[in-house]
Amino acid sequence: MTSAGAPERSGTTRGGGTLYRGDLGMWSWVAHRITGVLTFFFLFTHVLDTALVRVSPNAYDAVIETYKNPIVNLFEVGLVGAVLYHALNGIRVMLVDFWEKGAKYQRVMLWSVLVVWVLVMIPGFYFMMERTISDLVGGH
Amino acid sequence: MSLALDKPRQPRRPAARRGNGELYSWLFMRLSGLLLVVLVLGHLFIMNILDGGVHKINFGFVAGRWASPFWQFWDLAMLWLAQIHGGNGVRTVINDYARKDSTRFWLKMLLYVSMVLIISLGTFVIFTFDPNISN
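Protein sequences, first through last, are from chains A and B.
Residue numbering for the first sequence follows my numbering, starting at -15 and increasing by one per position.
Residue numbering for the second sequence follows my numbering, starting at 205 and increasing by one per position.
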């Protein structure tokens, strides 16, 4: 699938079809790819660091200790955000494929995905960052 | 040696002889995806919020968790499904963007080697974990 040279008109409403290129549906697909690839790379690292429990408790604890800081904590929120989007949009893709009205409601479902994402991420951000924020603000 | 003649109106390139592999791959992405929604979101919610996040994690935490066959199985299922689901996704991405056949081939080899490595290592660690291992 090469995008270069793809006929520009193939999806425009002029042809009686619906616009895909540059439309919201395309960006949902782009975001699905990016979040998926990032999560896959994270998983590679995550299995390697957890495998250290087979080496020695000290080796494992030493590596996990390097994760206990605000920057990594923020990355964790990013990871959860990426996985949550990928999961919600994945459900939307399944509904488009298997539900008879899925294609008709794909746009409404995308907005629902985004709304649910925001509604989950607001408390999620708070509970995941609670410790880091109180450490930064309160000190101790 | 017989003389090979093209049949009339034979296409210049024969149609690709493909099996149903891509159909199964497509179906697998949806089935594994459904399971992973539960396994991964559950894992993230428990680890990052219910159990207090990375600050609570150390060797003892892992030992406590893997004392239960339920969580061992959860993690094992998550490892296999996520690796194959993610690997298959990256395979699609490589197929889409690699421009040269050799680049495509070597990127996929690198991907397959990393998948085998991670699945084997993770499975080995879950099955042979020893809470009393020495420091």
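Calculated from the structure, these hints are not laboratory results.
One or more hints might be untrue.
Stated by the list, open to error - Some residues of chain A that are not near chain B, with every Cβ distance over 12 Å (derived): (1) 5; (2) 9; (3) 12; (4) 44; (5) 75; (6) 82; (7) 84; (8) 90; (9) 93; (10) 98; (11) 99; (12) 121.
Unchecked claim - These stretches of chain A come out as covered by chain B in the derived footprint (C-beta under 8 Å, 3 or more residues): (13) 20 to 26; (14) 29 to 43; (15) 48 to 54; (16) 64 to 73; (17) 104 to 113.
C-beta: ideal position from N, C-alpha, C; glycine also.
Here is how each hint holds up against the structure:
With a least beta-carbon separation of about 15 Å from chain B, residue 5 of chain A lies farther than 12 Å from that chain, consistent with its non-interface assignment. With a least beta-carbon separation of about 17 Å from chain B, residue 9 of chain A lies farther than 12 Å from that chain, consistent with its non-interface assignment. With a closest Cβ-Cβ approach of about 15 Å to chain B, residue 12 of chain A is found to remain outside the 12 Å limit, as its non-interface label requires. At the 12 Å boundary, the C-beta of residue 44 of chain A falls inside the reach of chain B, the nearest C-beta of that chain being 5 Å off.
With a closest Cβ-Cβ approach of about 7 Å to chain B, residue 75 of chain A is found to fall inside the 12 Å limit, against its non-interface label. Distance check on residue 82 of chain A: its Cβ comes as close as 8 Å (rounded) to a Cβ of chain B, failing to clear the 12 Å threshold; non-interface status is violated. With a minimum CB-CB distance of about 16 Å to chain B, residue 84 of chain A clears the 12 Å threshold, and the non-interface call stands. With a closest Cβ-Cβ approach of about 16 Å to chain B, residue 90 of chain A is found to remain outside the 12 Å limit, as its non-interface label requires.
Chain B leaves residue 93 of chain A outside its interface by the beta-carbon criterion, the shortest separation being 15 Å against a cut-off of 12 Å. The beta carbon of residue 98 of chain A sits about 17 Å from the closest Cβ of chain B, which is more than 12 Å, so the claim that it is off the interface holds. With a cut of 12 Å on Cβ distances, residue 99 of chain A stays outside the contact zone with chain B, its closest approach being about 17 Å. Look at residue 121 of chain A: its CB is around 16 Å from the nearest CB on chain B, clear of 12 Å, so calling it non-interface holds up.
Judged by the Cβ-Cβ criterion of 8 Å, the region 20 to 26 of chain A is covered by chain B as claimed, because 4 of its residues qualify and three suffice. A stretch counts as covered by a chain when three or more of its residues have a beta carbon under 8 Å from one of that chain; for the region 29 to 43 of chain A and chain B the count is 9, and the coverage holds. Counting residues of the region 48 to 54 of chain A whose C-beta sits closer than 8 Å to any C-beta of chain B gives 3, which meets the bar of three, so the coverage hint holds. Under the rule that three or more residues need a Cβ within less than 8 Å of chain B, the assignment of the region 64 to 73 of chain A holds, with 4 such residues.
Closer than 8 Å: that is the beta-carbon criterion, and the region 104 to 113 of chain A has 3 residues meeting it against chain B, so the requirement of 3 holds.
Against the hints set out earlier in the document, violations occur for numbers 4, 5, 6.
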